[in-house]
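Assemble the whole structure, with the sequences as input and the hints as a guide.
Letter by letter, the sequence shown follows residues 6 to 136 of our numbering.
If you are wondering where the hints come from, they were derived from the structure by calculation, not from laboratory data.
Yeah, the Cβ is synthetic: ideal placement off N, Cα and C, and Gly gets one too.
Treat the hints loosely; a few may be bogus.
[Said to hold, decoys possible] FRET-style restraints, in silico, Cβ to Cβ: (1) 131 x 45: 34 to 40 Å; (2) 65 x 95: 20 to 26 Å; (3) 102 x 19: 33 to 39 Å; (4) 131 x 12: 31 to 37 Å.
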Amino acid sequence: TTTERFSINFEYEKYCDEDYYDIGFVVSNMNYMFFGNNLGNSEINIKEYKKKGKYHVKIFIDDNFFNETILSIGFGIYRDDGTIVCFEVNTLHLKIIKKNDDNGVGFSTISKKFAIPLKPKNMKWEIKKYD
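Okay, here's the thing in structure tokens:
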């Protein structure tokens, strides 16, 4: 639902100790990629993860980040030199729905359904009345 926090998880295995990998994802709506991120843009120093072995990468998506929508999630793996190891656009499909209260009424009854997929919270708005 729109009010749930969730994570996107990746697993991969390295067979040598030389390169490190950057993992990324893209989010599409109606075949239009509109949002993405990668591990290299986080606070994690990916250069420390060169040793061979199995890895599990997780990114958390905050609650109320997406509006009610249908999304496609894609992912990519890149070597430290920028070479693409793997890139898949439509790996996972999600339908995010607005959560209802006990009476079946959506929590956000005052707002209309937006046609856009993102609904970031904590945006600062201001309104002033002038005489």
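How the hints compare with the structure:
no. : hint                 : in the structure
1   : 131 x 45: 34 to 40 Å : holds, 35 Å
2   : 65 x 95: 20 to 26 Å  : holds, 22 Å
3   : 102 x 19: 33 to 39 Å : holds, 38 Å
4   : 131 x 12: 31 to 37 Å : holds, 33 Å
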